[in-house]
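Visitor: Okay, so the sequence shown: first residue is 1 according to the UniProt record's numbering, each after it adds one.
Warning: the hint list may mix true and false statements.
[Claimed, not checked] Dumping the calculated DSS-like pairs for lysine-lysine here, alpha-carbon to alpha-carbon at most 30 Å:
| # | residue 1 | residue 2 |
| --- | --- | --- |
| 1 | K338 | K351 |
| 2 | K227 | K96 |
| 3 | K324 | K338 |
| 4 | K96 | K338 |
| 5 | K487 | K473 |
| 6 | K351 | K362 |
| 7 | K362 | K473 |
| 8 | K351 | K227 |
| 9 | K111 | K324 |
| 10 | K67 | K487 |
| 11 | K227 | K473 |
| 12 | K351 | K324 |
| 13 | K487 | K96 |
| 14 | K473 | K351 |
| 15 | K227 | K111 |
| 16 | K96 | K111 |
| 17 | K227 | K487 |
| 18 | K338 | K111 |
| 19 | K362 | K324 |
| 20 | K227 | K67 |
| 21 | K111 | K351 |
Worth flagging that the hints you see were computed from the coordinates, not collected in a lab.
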Amino acid sequence: MQQKIINAAKLDIYLKGTQFCGVIQGTHRLAGNESVFTSLSPIDNTPVANFGKADSTEVEQVIERSKAAFLQFRTVPAPIRGELVRRIGNLARERKTLLAELISLEAGKIKEEAQGEVQELIDICDFAVGQSRQLYGLTIASERPEHRMMEQWHPLGPVAIITAFNFPVAVWGWNAALALICGNSLIWKPSEQTSLCALACQQLVEDASSTMAEIPDDLTAVLLGDKTVADPLISHRDIALVSATGSTEMGRTVSARVAQRLGRVLLELGGNNGMIVTPSANLDLALRAIVFAAVGTCGQRCTSLRRVIAHESIIDELETRLIKAYTSLPVGNPFSDKTLIGPLVNRAAVKRFQAAIETFQKEGNEIIYGGQLREDLGPGNYVTPAIGRQTGDSQIIGTETFGPLLYLTPYETLPEAISIHNSVTQGLSSAIFTSDLQEAEQFLGPAGSDCGISNVNIGTSGAEIGGAFGGEKDTGGGRESGSDAWKNYMRRATNTINYGTALPLAQGIQFDI
Numbered sequence: 001m002q003q004k005i006i007n008a009a010k011l012d013i014y015l016k017g018t019q020f021c022g023v024i025q026g027t028h029r030l031a032g033n034e035s036v037f038t039s040l041s042p043i044d045n046t047p048v049a050n051f052g053k054a055d056s057t058e059v060e061q062v063i064e065r066s067k068a069a070f071l072q073f074r075t076v077p078a079p080i081r082g083e084l085v086r087r088i089g090n091l092a093r094e095r096k097t098l099l100a101e102l103i104s105l106e107a108g109k110i111k112e113e114a115q116g117e118v119q120e121l122i123d124i125c126d127f128a129v130g131q132s133r134q135l136y137g138l139t140i141a142s143e144r145p146e147h148r149m150m151e152q153w154h155p156l157g158p159v160a161i162i163t164a165f166n167f168p169v170a171v172w173g174w175n176a177a178l179a180l181i182c183g184n185s186l187i188w189k190p191s192e193q194t195s196l197c198a199l200a201c202q203q204l205v206e207d208a209s210s211t212m213a214e215i216p217d218d219l220t221a222v223l224l225g226d227k228t229v230a231d232p233l234i235s236h237r238d239i240a241l242v243s244a245t246g247s248t249e250m251g252r253t254v255s256a257r258v259a260q261r262l263g264r265v266l267l268e269l270g271g272n273n274g275m276i277v278t279p280s281a282n283l284d285l286a287l288r289a290i291v292f293a294a295v296g297t298c299g300q301r302c303t304s305l306r307r308v309i310a311h312e313s314i315i316d317e318l319e320t321r322l323i324k325a326y327t328s329l330p331v332g333n334p335f336s337d338k339t340l341i342g343p344l345v346n347r348a349a350v351k352r353f354q355a356a357i358e359t360f361q362k363e364g365n366e367i368i369y370g371g372q373l374r375e376d377l378g379p380g381n382y383v384t385p386a387i388g389r390q391t392g393d394s395q396i397i398g399t400e401t402f403g404p405l406l407y408l409t410p411y412e413t414l415p416e417a418i419s420i421h422n423s424v425t426q427g428l429s430s431a432i433f434t435s436d437l438q439e440a441e442q443f444l445g446p447a448g449s450d451c452g453i454s455n456v457n458i459g460t461s462g463a464e465i466g467g468a469f470g471g472e473k474d475t476g477g478g479r480e481s482g483s484d485a486w487k488n489y490m491r492r493a494t495n496t497i498n499y500g501t502a503l504p505l506a507q508g509i510q511f512d513i
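With the sequences and hints as input, model every part of the structure.
Guide: Set out below in structure tokens:
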């Protein structure tokens with residue numbers, strides 16, 4: 001398709017002079033072992049580019065250079081580190097359209113959502129700039145006379161960032177902006193699907209720092225390749241924090257290996273997000289929220305809505321309205337202004353989508369709309385979003401299917417609805433639609449939703465930068481983005497200063513010599 005191609009001049013804006021291991025064949029040198037992988041665009045399954053895979057020697061070299069950069073960068077004042085992030089954000093503003101094109105090309109997002117993702121990068125940069133002057137510690141009352149106790153936060157060390165395909169720019173930004181203002185160096189292993197997006201972001205950093213003498217070389221790096229490229233990062237003792245976004249299975253592997261060396265992890269894993277719709281709900285609002293949360297990004301957000309738990313008195317009406325809404329949703333080329341639903345990321349994702357539908361039906365439940373492969377739209381990975389109605393027991397509902405597959409489940413009482421909602425192993429995002437204050441507060445309270453994000457009369461997707469993002473249970477427990485998530489990227493030091501002439505001991509202990 002004609003609009004898919006990003007011309008050489010645009011690529012040069014991002015890639016010229018970029019320092020990274022694993023590079024585009026024919027544009028720069030290949031990685032040392034000349035191992036090549038090819039990424040396909042989900043739009044039509046044609047190659048985007050050939051990339052060189054970083055080998056183990058290069059990975060080790062990158063870690064060593066990152067450590068050296070950290071030792072220099074950690075003493076740079078935090079507001080100057082914030083200035084670097086401010087420049088990154090400003091360059092992202094200038095290149096917003098071009099970055100969005102790369103996201104659409106590699107991840108298949110429609111134009112509006114791709115633009116929105118770049119805006120997330122811009123927003124977290126703005127947030128982090130302010131945070132760079134607010135890395136606050138505490139002054140703590142000492143029990144000993146003429147003593148002062150305080151708390152400081154110091155840079156942590158080289159941070160490894162491992163990201164998935166579905167937010168190739170924003171999730172890096174959430175981590176990078178905060179890690180940088182906290183004084184850390186970065187090594188990024190992106191999804192093989194979105195290598196160009198990673199190189200474009202790397203170029204933002206390099207251009208932003210080019211006239212800042214305080215910024216060391218090799219402060220950030222990109223390692224291209226499959227999951228084996230990330231293995232040395234996960235196991236290396238010089239990597240102070242591994243921030244990993246992806247599947248629960250991946251998170252278990254990463255956390256276990258990092259735990260063996262007593263390192264730190266920040267995990268953002270799967271979500272199987274639910275929404276309760278009560279009898280008092282505004283169904284017009286609920287309908288809009290359900291449709292966007294369920295089919296936006298073709299259901300490939302970790303916060304995508306998978307389960308609607310609707311009261312038995314309204315579920316039939318809601319079902320009818322959902323089917324009507326789904327029939328009007330245009331599926332197709334993400335570069336088209338008319339498209340609201342782009343493709344799934346690859347053929348494997350299509351197969352998982354189809355297998356989940358088949359399993360749901362075999363369990364005795366009904367697919368009431370959609371689920372077809374849209375071969376009429378060409379060789380891309382296009383499907384019709386599906387709606388399932390639960391009429392019996394189902395195990396597949398407890399599994400996150402990364403695609404536009406929505407399940408409807410009836411309930412009788414609110415405690416039953418909350419129990420159904422909390423019955424899955426994931427705990428990322430949740431919502432309730434109600435006009436009843438008591439129902440809303442019950443859902444938000446300690447006996448309500450067990451997720452890291454709980455909303456009232458808002459859908460499950462579309463979290464804002466200012467709040468901490470993350471979830472519980474199989475979602476991994478990590479928190480990124482706003483609030484005090486910056487503390488993940490720093491080490492805490494408790495200091496006590498004796499400004500007197502005596503040496504009293506804590507707890508009144510007497511030890512005379």
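Visitor: State the violated hints by number, sorted upward, taking the hints as numbered earlier in the document.
Guide: none
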